[in-house]
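Trainee: One letter stands for each residue in the lines below.
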Amino acid sequence: MIGVGVLKGMAVTLRQFVGTYPAGRVLLKALHLPEGNGIFTISYPETKQQHAERFRYFPFLVYDATPDNLRCVACRICEQECPPQCIHITMAKDEQNRPLKANGRTFPAQFDIDVSICMSCRICVDVCPFEAIEMDNRHEIATHARGPELLFDKTELLRSAEYFQQIKPTEAAVVNQRLVAKAAKSQPPKPAAASTPPAA
Amino acid sequence: MLDQLFVHATRGLLTLPGRMLPPALNAWVGLLLPIAAIAALAPAVMMYLTWLERKIIARMQNRLGPNRVGLFGLTQPLADGVKMLIKEDIVPAGADRLLHVIAPVTALLPAILLFAVLPVGRNMAAVDLNVGALYILAVSSISSLAVFMGGWASRNKFSVLGAMRAVAQIISYEVPSVLSVVAVIMVTGSLSLVAVVNAQAEGWFIATPWGAVAALTFFLSGIAEVNRTPFDMPEAESELVAGFHTEYSGMKFALWYMAEFLEAFAVCAFTTTLFLGGWQGPAWPVWPWCLAAALVLASARTLAGPLRLLGLLGCAWAAVALRSEVVPSWAWFLLKTYALVFVLVWLRGTFPRLRADQLMGFAWKFLLPLALVNIIAAGCWSVWPGLRGSLIALGLLVGSAWALIRVNAPASEQRRTYVLVE
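Chain order of the listed sequences is A and B. Last residue of the first sequence: number 200 in our numbering, and the count goes up by one each step with no gaps. Last residue of the second sequence: number 1422 in our numbering, and the count goes up by one each step with no gaps.
Any given hint could be a false lead.
With a Cα cut of at most 20 Å, we get these calculated SDA-like pairs of lysine to any residue [what the hints assert, rightly or not]:
1. Lys101(A) with His139(A)
2. Lys29(A) with Lys1083(B)
3. Lys8(A) with Ile1171(B)
4. Lys8(A) with Arg1068(B)
5. Lys8(A) with Ala1298(B)
6. Lys48(A) with Glu156(A)
7. Lys29(A) with Arg1068(B)
8. Lys168(A) with Asn103(A)
9. Lys168(A) with Val12(A)
10. Lys29(A) with Lys48(A)
11. Lys93(A) with Cys82(A)
12. Lys29(A) with Arg1308(B)
13. Lys8(A) with Gly1311(B)
14. Lys29(A) with Pro1230(B)
15. Lys29(A) with Phe1253(B)
16. Lys48(A) with Asn1067(B)
17. Lys8(A) with Leu1297(B)
18. Lys1365(B) with Leu157(A)
19. Lys1365(B) with Pro148(A)
20. Lys154(A) with Val174(A)
21. Lys48(A) with Arg1068(B)
22. Lys8(A) with Thr1350(B)
23. Lys8(A) with Asn1067(B)
24. Lys101(A) with Asn137(A)
25. Lys154(A) with Arg71(A)
26. Lys8(A) with Leu1309(B)
27. Lys154(A) with Arg178(A)
28. Lys93(A) with Arg71(A)
29. Lys8(A) with Phe1253(B)
30. Lys29(A) with Phe1342(B)
31. Lys48(A) with Leu1312(B)
32. Lys29(A) with Ile1405(B)
33. Lys29(A) with Pro1352(B)
34. Lys1365(B) with Ile1171(B)
35. Lys1083(B) with Phe1253(B)
36. Lys154(A) with Asn103(A)
37. Lys29(A) with Ala1319(B)
Hints are computed from structural coordinates only; laboratory data are not their basis. Only a predicted model underlies this, so the values are computations on that prediction, with no experimental measurement involved.
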């Protein structure tokens, strides 16, 4: 029958229309009709979407216990691997140009990430031999201008290992496992030796 | 009282300064008042049509629509207006500057002029032209000129393509549109819209077989004439950027939009006037049905308590309102018109765009012959009053519609089947 398809289509849209109102849903239920999908959108600043655990935006630097106990040794692998080249690292050195050490490791004097350039690819996390860099899920970082506001330096990028544990429990568990395994491997033969980077 | 509120207000406004003004000037004031009312209301109506359309479409797509600017986004149209006003007005290099400027104005003018003959309520038409129907058909067809003007003056291939499509479409759909009005004119014996509305006191024309077909024809060709989805070929975003108004920005673009929305509103308003009884309330006693609905709702056990109470109160209230005829005539008119506006948006929310050949085929191969048969059917209906005429008209229309569908059916309908070779 010609024209029935047209009416059927219109019935679908009307049902979706009615189904977005609470009273309409009651009406549809009373008429034994499917209720439609209802309102899909969320009113953003008031209600926020619960994003997936694996959601990522830009990297942060992990520290253990205290903020000066960085895992990063300023090896600059991530800087070299970063496809859009948004990471900039300088190692802390003394006047003789010898690397300074804290907690038995070298550390970055400067660690900048230009968040406006970062493309959230997570390559820096994959290449880091020390699990020193992880992906953050912070995303509400809009500013009024490009430039310095979005160039995050070391202090802005620092996050504790607990924070990592908190935002990404599954990933953190895997990382912790790796760290424990690494510590067990490096401990027995030569105690108190500098940790050697394992094969990535 | 409420019914004649605006009529009395106008008369009061006329007599009040009339004592101070010379009589010659009084006539001018009488002429200017409705003009001022239409000129002031047209933009307001258009602004809230955009809001309404966005809201309804959003709900159909499970969204909320504008909801940030003011309560329920009610001041969104004002924000849009301000945005349009402060935008840069660009005239493309090599464009015909004069035509480019006057095209949107030429489009808007007829859209506003249309409302001059519209009977909005009892005794509420700005002018009761004795050729009102002819006037609306003539004035509304000016817009195709404006569309082509704008498209041509833009010096842009997308604009010209859109404009050419628009002209082809508007001219094609004008024919069934006019022919469906012919049936109404035949039956009422008058071209005046006020007379058309008065003739529907005993029954709306849409309740007759010829009226239903004419209403559908008129409404569908009206939608096509104002380039709305699913007939929005001239503005097909996916093909033509924005069609004839590709090169328009700022307030000129807003004028195009205003013309379009006002014309869409006019289509709804004139469909109401010609076929849905205009400002007349229901021509049949509806209140017993409302009362019956109230009783049914009150006794429905499957429904929730508050819903039953609300339904009962609503239906009972509707029955009382209908029985005592307190609903003013202009409220009936607006109710019906906005119901049609909803249908317009509903169609937009449902259907994808037609192909060019489908569009033309629908006008020339289906609507036009049906409108012609409809004139004969309307003749039969008025020659043989009563059931006999109705049955003859119905038979004619159903038969011809069936024949048209059969004739227009695609030549080969069998589906292709693909067999995978092992």
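Trainee: It remains to establish, for every hint, whether it holds in the given structure.
Mentor: Right, here's what the structure says about each hint:
1. Lys101(A) with His139(A): violated (33 Å)
2. Lys29(A) with Lys1083(B): Between Lys29(A) and Lys1083(B) the Cα gap is close to 42 Å, so the pair fails against 20 Å, i.e. violated.
3. Lys8(A) with Ile1171(B): violated (30 Å)
4. Lys8(A) with Arg1068(B): violated (33 Å)
5. Lys8(A) with Ala1298(B): Roughly 31 Å separates the two Cα atoms, so the pair is violated.
6. Lys48(A) with Glu156(A): violated (24 Å)
7. Lys29(A) with Arg1068(B): Violated, because 30 Å separates the two Cα atoms, which is more than 20 Å.
8. Lys168(A) with Asn103(A): Cα-Cα ~26 Å, so violated.
9. Lys168(A) with Val12(A): violated (41 Å)
10. Lys29(A) with Lys48(A): violated (29 Å)
11. Lys93(A) with Cys82(A): Distance ~23 Å between Lys93(A) and Cys82(A) Cα, so the pair is violated.
12. Lys29(A) with Arg1308(B): holds (14 Å)
13. Lys8(A) with Gly1311(B): Violated, because 27 Å separates the two Cα atoms, which is more than 20 Å.
14. Lys29(A) with Pro1230(B): violated (31 Å)
15. Lys29(A) with Phe1253(B): Distance of about 44 Å is beyond 20 Å: violated.
16. Lys48(A) with Asn1067(B): holds (17 Å)
17. Lys8(A) with Leu1297(B): The given pair, whose Cα atoms are some 27 Å apart, is violated under the 20 Å limit.
18. Lys1365(B) with Leu157(A): violated (69 Å)
19. Lys1365(B) with Pro148(A): violated (66 Å)
20. Lys154(A) with Val174(A): With a Cα-Cα distance of about 25 Å, the restraint between Lys154(A) and Val174(A) is violated, given a limit of 20 Å.
21. Lys48(A) with Arg1068(B): holds (16 Å)
22. Lys8(A) with Thr1350(B): Judged against 20 Å, a Cα distance of about 10 Å means the pair holds.
23. Lys8(A) with Asn1067(B): violated (30 Å)
24. Lys101(A) with Asn137(A): violated (31 Å)
25. Lys154(A) with Arg71(A): Answer holds: Lys154(A) to Arg71(A) is near 13 Å, not above 20 Å.
26. Lys8(A) with Leu1309(B): violated (31 Å)
27. Lys154(A) with Arg178(A): At roughly 25 Å apart (the allowed maximum being 20 Å), Arg178(A) and Lys154(A) break the hint.
28. Lys93(A) with Arg71(A): With Cα atoms ~17 Å apart, Lys93(A) and Arg71(A) stay inside 20 Å; holds.
29. Lys8(A) with Phe1253(B): With a Cα-Cα distance of about 36 Å, the restraint between Lys8(A) and Phe1253(B) is violated, given a limit of 20 Å.
30. Lys29(A) with Phe1342(B): Distance of about 23 Å is beyond 20 Å: violated.
31. Lys48(A) with Leu1312(B): violated (40 Å)
32. Lys29(A) with Ile1405(B): violated (37 Å)
33. Lys29(A) with Pro1352(B): violated (29 Å)
34. Lys1365(B) with Ile1171(B): Roughly 15 Å between the alpha carbons, so the hint for Lys1365(B) and Ile1171(B) holds.
35. Lys1083(B) with Phe1253(B): Given that 20 Å is the threshold and the Cα spacing comes to 12 Å, the pair holds.
36. Lys154(A) with Asn103(A): holds (18 Å)
37. Lys29(A) with Ala1319(B): violated (26 Å)
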